[in-house]
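2 protein chains.
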Amino acid sequence: MQKFLEEAKKTSRTIANLDAHTKNNVLRQMANALVAHSDYIIEHNSKDMSEGTLNNLSSALLDRLLLTKDRVEAMALAIKQIADQKEPVGRTLEGWITEDGLDIKKISVPIGVIGIIYESRPNVTSDTAALCFKSGNVCVLKGGKEAERSNQAIANVLKQVLEDNKLPTQAISLLPDSSRKGVAKLIKQDKYVDLIVPRGGEALIRYVSENSSVPVIKHDKGLCHIFVDKDAAHNKIIDIAINAKCQRPGVCNSMETLLVHEDIAAYLLPGLYDEFMEHGTQLKGCDETAKYIDVTIATQEDYSTEYLANILNIKVVKNVDEAIEHIATYGSGHSESILSENYTVVNKFLDQVDAACVYANASTRFTDGGAFGLGAEVGISTNKLHSRGPMGINDLTTFKYKIYGKGQVR
Amino acid sequence: MQKFLEEAKKTSRTIANLDAHTKNNVLRQMANALVAHSDYIIEHNSKDMSEGTLNNLSSALLDRLLLTKDRVEAMALAIKQIADQKEPVGRTLEGWITEDGLDIKKISVPIGVIGIIYESRPNVTSDTAALCFKSGNVCVLKGGKEAERSNQAIANVLKQVLEDNKLPTQAISLLPDSSRKGVAKLIKQDKYVDLIVPRGGEALIRYVSENSSVPVIKHDKGLCHIFVDKDAAHNKIIDIAINAKCQRPGVCNSMETLLVHEDIAAYLLPGLYDEFMEHGTQLKGCDETAKYIDVTIATQEDYSTEYLANILNIKVVKNVDEAIEHIATYGSGHSESILSENYTVVNKFLDQVDAACVYANASTRFTDGGAFGLGAEVGISTNKLHSRGPMGINDLTTFKYKIYGKGQVR
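Chains A and B are the protein sequences, given in the same order. Heads up: the first sequence at position 154 corresponds to 154 in UniProt numbering, and the numbers run straight through without jumps. Heads up: the second sequence at position 191 corresponds to 191 in UniProt numbering, and the numbers run straight through without jumps.
Hints listed in this document are in silico derivations from the structure and should not be mistaken for laboratory results. Be careful, since some hints might not be right.
No copy labels: a pair is met if it fits in one copy or bridges any two.
Straight-line Cα separation of at most 25 Å, DSS-like style, residue types lysine-lysine; simulated pairs [claimed, not checked]:
| no. | residue 1 | residue 2 |
| --- | --- | --- |
| 1 | Lys221 | Lys69 |
| 2 | Lys236 | Lys348 |
| 3 | Lys318 | Lys105 |
| 4 | Lys230 | Lys106 |
| 5 | Lys291 | Lys106 |
| 6 | Lys348 | Lys10 |
| 7 | Lys106 | Lys47 |
| 8 | Lys145 | Lys181 |
| 9 | Lys10 | Lys221 |
| 10 | Lys145 | Lys188 |
| 11 | Lys181 | Lys166 |
| 12 | Lys106 | Lys86 |
| 13 | Lys105 | Lys80 |
| 14 | Lys69 | Lys230 |
| 15 | Lys3 | Lys69 |
| 16 | Lys230 | Lys145 |
| 17 | Lys318 | Lys221 |
| 18 | Lys86 | Lys105 |
| 19 | Lys86 | Lys406 |
| 20 | Lys47 | Lys105 |
| 21 | Lys47 | Lys291 |
| 22 | Lys230 | Lys406 |
| 23 | Lys188 | Lys318 |
| 24 | Lys291 | Lys105 |
| 25 | Lys10 | Lys80 |
| 26 | Lys166 | Lys9 |
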């Protein structure tokens, strides 16, 4: 493992210095190669699928695992879109001349070696490899056990393109020991690995952040709220609430708890109830909510749960302060929204709620690299440092100071 | 401890939302209070001094520990300078409108609760407290055992000012359990602590980065190089080399190894030798160096050592590539410099050397918040992520996305 990571670190110096033209050219070849070798990829995927069926994976999991011609083409298209993005390396982020006459430029540079631990869908393998390559980084990928053959086949196709272009194939690597033990080793190699990005269940993320000596950017849970103020524009409330909960309940930017100002509870809740019933939503609520509509009483645990399902808590609050307080207690710092036409209340909410994304008068569902206009994304960072919210290619760079002197001494 | 940190987290929400006027006003009062209570501070400091003398602390350590009227006044001045700096919170870092018409603004915000672990000089207590307060953060300070009474006295004076202004005194806190066990607990409280900054010896930094579940920004060693290319301007070489090694050998941005292009070794080394002898520098060198001047032979371990003393390794290299390779092997990613008039060689060095600060034709001694024009600094980050190089108040902020909608749903 150490030998392997030492090699990865060495390779990162080559990859960091590739020009944009070379990188984009290689990425487009990778996209074409995936399509050209889709039979090979699908053949290996079907072995994962049979084993998954034997192992009684759920049909949802099997569907996420499955690769078809269309899905491989979508993977290729994603890589082409990554190639089309603006070069993330070498941007001048700031620049100034000091009193001593030093000309300081803060320049974006690749991070180095990035370990990414993920589960499920094999397209993450090609997306992540392409994002890391575009941003001049070496990636060390650790996918899910159930997708092992699929991930290997995809990596083989991408590596072949690197070889054809006389580039080191270690630039895109699968972790050689993909067991739990392999992960345990990886996250201790701070000499060779510059960043670990864990995406997955809470247990994995906790394990990695408690044990890693490498810096970690977590892609943790999204426990998102919408607060409907008494001054909300009535025509927007139901659309946004339904969209945030029901359009895709299984994703991290969907709403788990709706907070309603007490002054409009009596007016709002019955109509909202009818709409949610039509969408098959299971409703839980506080005692006050239960006065107006038929809900099971929500517990503290309910308020702390990321359902990832069509279930919603409703809580009546006195004012924006109580809403902010509730979010500070139960939120996960992902995405929070207020619906209000009141200038002071909106600004208070946006200022005081501590989350990656705070919205006024929009659905939380927009927290996403695509919707933000960042192109493809590595995920949604719930860290506070380095990257926060949707993590695009620019977030896969760090910076260095280049300092141009004229012989200065202190 | 948990109760204490829970309180710190709560306090961070108040401090984060103070306006610049209030913060700067409080900071100026703190500066005045330090001077007004300098007798009280010096009295407690002298108890630390007597105990330090009893415990046989070195005279260098005792000198760093000592507080005098002048030193307290310097601490006050530093706080006033921090008050004078531009407000770091609420800067619009980027902003754009998405295809859906969402108006996204990326806004700098405080990080929250910052734990700082440091040693030695008591002025770090007031500097750090002021930097954290200015940037809207709560600080939890863990200073050195030997300065415990001094740090407590300084914190008491600052806390009194907070109280006089009806602000929560927890905004500036000393870690209640300052033992190793207290630190062990602190670095596991990722629910309440947002960032740990360890400054100190390698053992402390390694312990913290291996065991913390809170993100860590290390202020680690500086093993800095200067490469003298064959096309270096002759009149600059000796000045810069002497400055980088001898002006203040005990600091992290001083040079430990001088790399010399083989074409100019015969010409350069004898003159350089005389200058270093005049400055009392102990010289080690490679076999090639030993052909020209009188040095003990440098070992691999010498090349890996941050001397923090007036000792220098000299190594003759074939070209810029060998210099870059040597730095990649032995450098600590802090500050590296090239002396050359050759455009291509300079750019290659600045592009390919992976360090926080890469210089052309200047001494490495400029890596410093003051010299960079950032004002006071928390230290020099040797991390790659979030903050790299001199860490000023802007590096004590993170960001959130504020998203202004018009009722958008997906």
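Hints, one by one, checked against the model:
| no. | hint | verdict |
| --- | --- | --- |
| 1 | Lys221 with Lys69 | neither (32 Å within a copy, 52 Å between copies) |
| 2 | Lys236 with Lys348 | within (20 Å within a copy, 56 Å between copies) |
| 3 | Lys318 with Lys105 | neither (50 Å within a copy, 29 Å between copies) |
| 4 | Lys230 with Lys106 | neither (46 Å within a copy, 27 Å between copies) |
| 5 | Lys291 with Lys106 | neither (58 Å within a copy, 41 Å between copies) |
| 6 | Lys348 with Lys10 | between (49 Å within a copy, 17 Å between copies) |
| 7 | Lys106 with Lys47 | neither (49 Å within a copy, 45 Å between copies) |
| 8 | Lys145 with Lys181 | within (13 Å within a copy, 38 Å between copies) |
| 9 | Lys10 with Lys221 | between (34 Å within a copy, 22 Å between copies) |
| 10 | Lys145 with Lys188 | within (21 Å within a copy, 30 Å between copies) |
| 11 | Lys181 with Lys166 | neither (33 Å within a copy, 52 Å between copies) |
| 12 | Lys106 with Lys86 | both (18 Å within a copy, 19 Å between copies) |
| 13 | Lys105 with Lys80 | neither (31 Å within a copy, 28 Å between copies) |
| 14 | Lys69 with Lys230 | neither (51 Å within a copy, 58 Å between copies) |
| 15 | Lys3 with Lys69 | neither (37 Å within a copy, 56 Å between copies) |
| 16 | Lys230 with Lys145 | neither (50 Å within a copy, 54 Å between copies) |
| 17 | Lys318 with Lys221 | neither (27 Å within a copy, 53 Å between copies) |
| 18 | Lys86 with Lys105 | both (20 Å within a copy, 20 Å between copies) |
| 19 | Lys86 with Lys406 | neither (33 Å within a copy, 29 Å between copies) |
| 20 | Lys47 with Lys105 | neither (52 Å within a copy, 47 Å between copies) |
| 21 | Lys47 with Lys291 | neither (54 Å within a copy, 65 Å between copies) |
| 22 | Lys230 with Lys406 | between (63 Å within a copy, 17 Å between copies) |
| 23 | Lys188 with Lys318 | neither (48 Å within a copy, 35 Å between copies) |
| 24 | Lys291 with Lys105 | neither (62 Å within a copy, 39 Å between copies) |
| 25 | Lys10 with Lys80 | neither (27 Å within a copy, 46 Å between copies) |
| 26 | Lys166 with Lys9 | within (18 Å within a copy, 52 Å between copies) |
Of the hints listed earlier, those the structure fails to meet are numbers 1, 3, 4, 5, 7, 11, 13, 14, 15, 16, 17, 19, 20, 21, 23, 24 and 25, in rising order.
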